[in-house]
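Enquirer: Chains as they are written, first to last, in my numbering: chain A, 19 to 295; chain U, 276 to 738.
Source of the hints: derived by calculation from the structure; they are not laboratory data.
Keep in mind that this is a model prediction, so the values were computed, not measured.
There may be inaccurate statements among the hints.
With a straight-line cut-off of 27 angstroms between C-alpha atoms, the simulated DSS-like cross-links for lysine-lysine are [said to hold, decoys possible]: (1) U:K492 with A:K41; (2) U:K601 with U:K492; (3) U:K601 with A:K70.
Okay, the calculated bits of chain A under chain U, using three or more residues with CB under 8 angstroms as the criterion [what the hints assert, rightly or not]: (4) 144-158; (5) 200-214; (6) 271-283.
We put the CB at the ideal spot given by N, CA and C, even for glycine.
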Amino acid sequence: MMSSETIMCPVCGGAIQTVSPDKVNRCEFCASPVLGRRQNHDCVNHPGRVAKGVCSVCGDLVCEECIQLRVGDYGGKLFTIANCGKPDCVQESKWAQPLNLEYQRLANMDWSDSVDNSILRVTGLGAVLMVVFELVFVLCMLYVQYFTSWGLTTDPVPNIPYFFVRGDTVVLFCIIGNLLSALLLQTALQVHVHERQLGAGILLMLLLVTEVGFLLGRGLLFNLRFYPSLYLIPFFLGAFVIATLMVFGGALLAIGVGFKKRKQLKRARETLGLSGQ
Amino acid sequence: MDTILDRPRGLRLIGITQMAFGFFGLLASIGLVIASLVGNPSFLGMGLLYSVVIFLCVALPCLVIGNYVDDLRRNAVLAQVAYSAGAAVVAGYFLYLRGVSYHWTVPWFGLGLDVDVGNLAVLVVVTQTLFVLYLVTKWKSVAPPRGVHIERDKKKARILEQGLVPSPLPAGLVASDGHTSLTDEATRKIMEVRRVTTTEGMAILCSNCGGATPVAKAEKDNTIVCQFCGVRLGLSSVFVPCVNHTEYLAATTCAVCGEHYCRMCLTAQEPPVDERWKGSSVFLCQRCFEGRYRPAVTTASLVIPIDKLFSKAGTRFSRVGSLYGKFLRAYGHIMRYVLQFAARAAASVGKGSHGNDNAGAVIIAIIIAIVAIPVLVGVAMLLAAIVIVPLLFYAGLIGVAIAAVRIIRRTDFLTLERARQEGIVLRRPAKKVESPLREESRPWENPREWKKEVTKAEPFIRR
């Protein structure tokens, strides 16, 4: 049972000791503002108008007209705070910059939630498939190079060319391929982030073109066209084509959606007469 | 919570000294075994027994206790006090019987090596007595009370020391004591406070019967009793509807975007490390929670920081690689001294052999063995590095691929919604597998570990 001096936090349910009956009290568990026991629900400046916010400095209730929203770096993160118009409170809130609510409304990108979700999945899984392809390819090529007669033959020339030691090209080009696929994966996992979507989409497309060119070139260099197996090469080609198509489709979508978001932000800035920032 | 970084320097010194005793004890027991097998010097059949006694009474306890005593372990400190006291008494009795001047002469490659056993006993008496005195006088700072959890992982300890202590809040609502979870009924009262506008002004819709009670009837504790069924309802600080559910009263604002949301739309997060934030949690709406803009708070959510994918997944492999590299460098460093020693010994062969070719040849053979074996081992380890490094690279890539699949699976807007619904509304915490990409976010959900921490929160070090 709560005492008369204690009320229940409406946000987290924690017990709040009401030290100020006519002021907002802070929940000691979640820091949510909670009305004092005798506090009026109205805006301090406009009696009869229900408050919409609490000043983070003095704890006064303020209506939409009186509230000032600010965005500031809070422990390295961006937080939104509210303050009333009193000079002391404005001064105390200077660490945060005033928030442009209209810009925030115009820049809202909730419309892209479902498509971004699809983009992340398609590109991400395609890139993972590409990494797995590379990891399996290394093992297969080492096996082909060292444990098959096709890989060991040198008559008249080796099927898999090498620079100094047998297999050095396999190791070198497979490491490069793995690095490329890792870069592809890193980029593919960022195509759903609003701020990076367009850039990540373009970079992903460039990386994909590089990766495809590299893989085809490597296959030709290793003379895999002539490898006497009915299954291995078609299996690799199949995995490669599926991964490429997935990443390509996702990157294309990301570029399209990212471009649309860029236009939205540009339009919002133009509408509000804001600078390039 | 206290950490390993809080341990006194004296305790660390005791640990290192004890380990050194253990190391020398181990060397002594090995030496006794070799001497017994070679038969020089003669121990009259007691060599192996001495070896076992030294191993069991010196090497093993010193190594074990020394290893644990400086980790702020109560039992290890107790063991250290008991062992030190025992060692001081035994060494003192030995001095009483044999005196300080007692010493052994041990053969060493044809030379005689004097071991001042009496002086060694004095050293043992002095050090072990000092250890006992220090541990007893500093008892409160070296022996944590039972039940107190000490964070011994230095990485985590540094985070704790910086103030990044995880919040002990469960995913659901907290009861009035601030620790236990709220009952279903109380949760419903908080979650389902709805607002309507009636002819009498703003009114609250009862979650129990649906009846409307005017806000003006709110009681002094900012709760409102339904005038139809008598259920007591909780009120928010401001009377603003939730952005997503206009029929619900907002509980609070999202810390990042500042919009008003009901508790169902908000996810509790650990607060940022900032002295301006006094609470143990912050609340975020779904969009900000997903962190698709700038990440809002310290990572405690199901969202995994993608930027850290490669660094985190690769860290453990690169750590193994760097450790191996350090080991090789240290090995090379030691080898320099081995070579110097061998060169000096070889130079002394001509001067001191006095025509004894056999002795010279034996010494040269020993030098070759001393030098050649470590050099060969070093070369083998270097060659192994050529294999180990690509293997680590390959293993790192596998780790990255697995972590990527987890990211793709968990960055799911629907899953997050479900997690929140199940965790807060249905009171069924969503199952989640901790990612290797981040620290464990909610240790209190692991009952075994958390139980230890909540037993006594009083830091014992600062008493």
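Enquirer: Would you mind marking each hint as holding or not holding in the structure?
Expert: Evaluation of the provided hints:
no.: 1; hint: U:K492 with A:K41; verdict: holds (19 angstroms)
no.: 2; hint: U:K601 with U:K492; verdict: violated (73 angstroms)
no.: 3; hint: U:K601 with A:K70; verdict: violated (61 angstroms)
no.: 4; hint: 144-158; verdict: holds (count 7)
no.: 5; hint: 200-214; verdict: holds (count 9)
no.: 6; hint: 271-283; verdict: violated (count 0)
Figure legend: structure checked against the earlier numbered hints; hints not met, in rising order: 2, 3, 6.
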